[in-house]
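We have chain P already, so just place chain F on it with the hints.
Sequence order for the protein chains is P and F.
Quick note on numbering: the first sequence equals residues 1 to 245 in our numbering.
Quick note on numbering: the second sequence equals residues 1 to 245 in our numbering.
Misleading hints may appear alongside valid ones.
Note: identical chains are not told apart, hence a pair may lie in one copy or across any two.
Unchecked claim - Listed next, the in silico SDA-like pairs over lysine to any residue satisfying Cα-Cα at most 25 Å (straight line):
| # | residue 1 | residue 2 |
| --- | --- | --- |
| 1 | K240 | S208 |
| 2 | K195 | Y34 |
| 3 | K204 | N122 |
| 4 | K240 | H129 |
| 5 | K195 | E221 |
| 6 | K195 | L209 |
| 7 | K204 | R239 |
| 8 | K204 | D176 |
| 9 | K195 | S98 |
| 10 | K204 | C224 |
| 11 | K240 | L194 |
| 12 | K195 | P242 |
| 13 | K204 | G174 |
| 14 | K195 | S48 |
| 15 | K204 | K240 |
| 16 | K195 | H129 |
| 17 | K204 | L216 |
| 18 | K204 | R175 |
| 19 | K195 | R215 |
| 20 | K195 | D176 |
| 21 | K240 | E92 |
| 22 | K204 | G232 |
| 23 | K195 | M218 |
| 24 | K204 | Y225 |
| 25 | K195 | S235 |
| 26 | K240 | Y225 |
| 27 | K204 | A193 |
If you are wondering where the hints come from, they were derived from the structure by calculation, not from laboratory data.
Single-letter residue listing:
2 protein chains.
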Amino acid sequence: MFPNIRIVLCRTTHPGNIGAAARAMKTMRLDRLYLVAPEHFPSAEATSRSSGSADVLENAVVCDTLTEAVADCQVVFGASARSRTLAVPNCEAREAASELITLSADHQVAMVFGQERSGMDNDEVALCHRLVQIPANPDYGSLNMASAVQLICYEIYMASMGNNNANPVELAEGRDARATQGHFDSFMEAWMALKIQVEFGDQKQSASLDARFRRLFMRAELTCYEVDMLRGMISAIGRKLPDQI
Amino acid sequence: MFPNIRIVLCRTTHPGNIGAAARAMKTMRLDRLYLVAPEHFPSAEATSRSSGSADVLENAVVCDTLTEAVADCQVVFGASARSRTLAVPNCEAREAASELITLSADHQVAMVFGQERSGMDNDEVALCHRLVQIPANPDYGSLNMASAVQLICYEIYMASMGNNNANPVELAEGRDARATQGHFDSFMEAWMALKIQVEFGDQKQSASLDARFRRLFMRAELTCYEVDMLRGMISAIGRKLPDQI
Numbered sequence: 001m002f003p004n005i006r007i008v009l010c011r012t013t014h015p016g017n018i019g020a021a022a023r024a025m026k027t028m029r030l031d032r033l034y035l036v037a038p039e040h041f042p043s044a045e046a047t048s049r050s051s052g053s054a055d056v057l058e059n060a061v062v063c064d065t066l067t068e069a070v071a072d073c074q075v076v077f078g079a080s081a082r083s084r085t086l087a088v089p090n091c092e093a094r095e096a097a098s099e100l101i102t103l104s105a106d107h108q109v110a111m112v113f114g115q116e117r118s119g120m121d122n123d124e125v126a127l128c129h130r131l132v133q134i135p136a137n138p139d140y141g142s143l144n145m146a147s148a149v150q151l152i153c154y155e156i157y158m159a160s161m162g163n164n165n166a167n168p169v170e171l172a173e174g175r176d177a178r179a180t181q182g183h184f185d186s187f188m189e190a191w192m193a194l195k196i197q198v199e200f201g202d203q204k205q206s207a208s209l210d211a212r213f214r215r216l217f218m219r220a221e222l223t224c225y226e227v228d229m230l231r232g233m234i235s236a237i238g239r240k241l242p243d244q245i
Numbered sequence: 001m002f003p004n005i006r007i008v009l010c011r012t013t014h015p016g017n018i019g020a021a022a023r024a025m026k027t028m029r030l031d032r033l034y035l036v037a038p039e040h041f042p043s044a045e046a047t048s049r050s051s052g053s054a055d056v057l058e059n060a061v062v063c064d065t066l067t068e069a070v071a072d073c074q075v076v077f078g079a080s081a082r083s084r085t086l087a088v089p090n091c092e093a094r095e096a097a098s099e100l101i102t103l104s105a106d107h108q109v110a111m112v113f114g115q116e117r118s119g120m121d122n123d124e125v126a127l128c129h130r131l132v133q134i135p136a137n138p139d140y141g142s143l144n145m146a147s148a149v150q151l152i153c154y155e156i157y158m159a160s161m162g163n164n165n166a167n168p169v170e171l172a173e174g175r176d177a178r179a180t181q182g183h184f185d186s187f188m189e190a191w192m193a194l195k196i197q198v199e200f201g202d203q204k205q206s207a208s209l210d211a212r213f214r215r216l217f218m219r220a221e222l223t224c225y226e227v228d229m230l231r232g233m234i235s236a237i238g239r240k241l242p243d244q245i
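Chain P with its partners taken away, still in its complex shape:
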């Protein structure tokens, strides 16, 4: 969880959006929700849309103004569909998320979303240190609010995992482990022998065919079990072929 990062929704008109935003937050490990003058809250629709993240709604802090909601924050970023002012620096979501994560190490930071249709008003924009844009279709940038919350929370979560692109690779064991090269070669030999036995391809192209077959099976990164399965198939074929061809 991110105890120093809060998501602030301003003057939300549809309670369903509050629920969807809570759900979006929780999927990305964010749980501190502030609601500035919501039209309806609490609301059954918000709870229903929050699906399993009712705790985020229950702990939500309701305020009258954005000023109040960010009073104890050192850093305030606001989502904005277009770069609307040169007075507040603009940046994209990915960059903003990195900055938020870095700053949240020892600052209280807020990520603010305006009203569904109109966005933040001028007073709200004036409280922001950055305006954050989500890159989107220039001809149809109509992201709904919950989607915008989802995307920015995702970028925050991604940023929190650092620039570490290494996926934790699950290593398999036993028969699901990658076959050794020797084991793989035993299959390739059997395959090439079968190829000769059934007279596939002419003499001239033989070496090139062998190389191609090898590359394609190499690419499959076969497991032990798969090598054994393929060898089993070759043996089954061999048993059906006449002894003398």
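Just chain F now, with coordinates in the frame of chain P:
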């Protein structure tokens, strides 16, 4: 727009999700939607949720099966909540998006989403070259379908703008181009028929063997030429087998 990238939604139960997905797609400049056996479509709820992206719904292609929806695709990626199998390579959304953008330069690619609750079924997973995970809260990964579509489309859009560090993949042409799913299936059918003809494996394990064979050949990401080569090998074997076994 991305003419070579399609978004495929499988067996969607709530029409509202189809509308929300269409909207999410369009915000990120994606407009080719395929619907596999949707429970209700067309539907007023889908249209209402699509808000301004009704054109995406109007042009949606409805299919009976995922096989049909991706028959002309060379590359199929599927969204999956958790890495569920070691047999299909897993990767994260950002990496997947880079790869999709690169491959879409001259391949038809599909990004598939399973049913809302249950995700893709095993037959659907078997058609995928990659399973794509969206990094999320390990304790609450409950992204709704439209959110998952939104996040992946966003990553695709970001990747298209060059915000990716992936190595440019050299794209092949003609016989070295990736085989379409339909071409690949013609080989798999011949392979399975051969398997039955040579009586490989007992009845009980037959389906599981078929699935394993399919996965290993899927993983090889075969080119047109390689599919033809493998089919040639099967024909050569067939010519040597006695007519009656």
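Consistency of the hints with the structure:
{"no.": "1", "hint": "K240 - S208", "result": "between (27 Å within a copy, 23 Å between copies)"}
{"no.": "2", "hint": "K195 - Y34", "result": "neither (34 Å within a copy, 41 Å between copies)"}
{"no.": "3", "hint": "K204 - N122", "result": "within (18 Å within a copy, 42 Å between copies)"}
{"no.": "4", "hint": "K240 - H129", "result": "neither (33 Å within a copy, 33 Å between copies)"}
{"no.": "5", "hint": "K195 - E221", "result": "both (21 Å within a copy, 22 Å between copies)"}
{"no.": "6", "hint": "K195 - L209", "result": "both (10 Å within a copy, 22 Å between copies)"}
{"no.": "7", "hint": "K204 - R239", "result": "between (28 Å within a copy, 21 Å between copies)"}
{"no.": "8", "hint": "K204 - D176", "result": "between (37 Å within a copy, 20 Å between copies)"}
{"no.": "9", "hint": "K195 - S98", "result": "neither (37 Å within a copy, 38 Å between copies)"}
{"no.": "10", "hint": "K204 - C224", "result": "between (33 Å within a copy, 21 Å between copies)"}
{"no.": "11", "hint": "K240 - L194", "result": "both (12 Å within a copy, 11 Å between copies)"}
{"no.": "12", "hint": "K195 - P242", "result": "both (15 Å within a copy, 17 Å between copies)"}
{"no.": "13", "hint": "K204 - G174", "result": "between (40 Å within a copy, 22 Å between copies)"}
{"no.": "14", "hint": "K195 - S48", "result": "neither (50 Å within a copy, 52 Å between copies)"}
{"no.": "15", "hint": "K204 - K240", "result": "between (28 Å within a copy, 21 Å between copies)"}
{"no.": "16", "hint": "K195 - H129", "result": "within (23 Å within a copy, 28 Å between copies)"}
{"no.": "17", "hint": "K204 - L216", "result": "within (20 Å within a copy, 29 Å between copies)"}
{"no.": "18", "hint": "K204 - R175", "result": "between (37 Å within a copy, 19 Å between copies)"}
{"no.": "19", "hint": "K195 - R215", "result": "both (16 Å within a copy, 23 Å between copies)"}
{"no.": "20", "hint": "K195 - D176", "result": "between (27 Å within a copy, 22 Å between copies)"}
{"no.": "21", "hint": "K240 - E92", "result": "neither (46 Å within a copy, 45 Å between copies)"}
{"no.": "22", "hint": "K204 - G232", "result": "between (29 Å within a copy, 16 Å between copies)"}
{"no.": "23", "hint": "K195 - M218", "result": "both (17 Å within a copy, 22 Å between copies)"}
{"no.": "24", "hint": "K204 - Y225", "result": "between (34 Å within a copy, 17 Å between copies)"}
{"no.": "25", "hint": "K195 - S235", "result": "both (13 Å within a copy, 11 Å between copies)"}
{"no.": "26", "hint": "K240 - Y225", "result": "within (23 Å within a copy, 28 Å between copies)"}
{"no.": "27", "hint": "K204 - A193", "result": "within (16 Å within a copy, 29 Å between copies)"}
Consistency with the previously given hints fails for numbers 2, 4, 9, 14, 21, ordered from lowest to highest.
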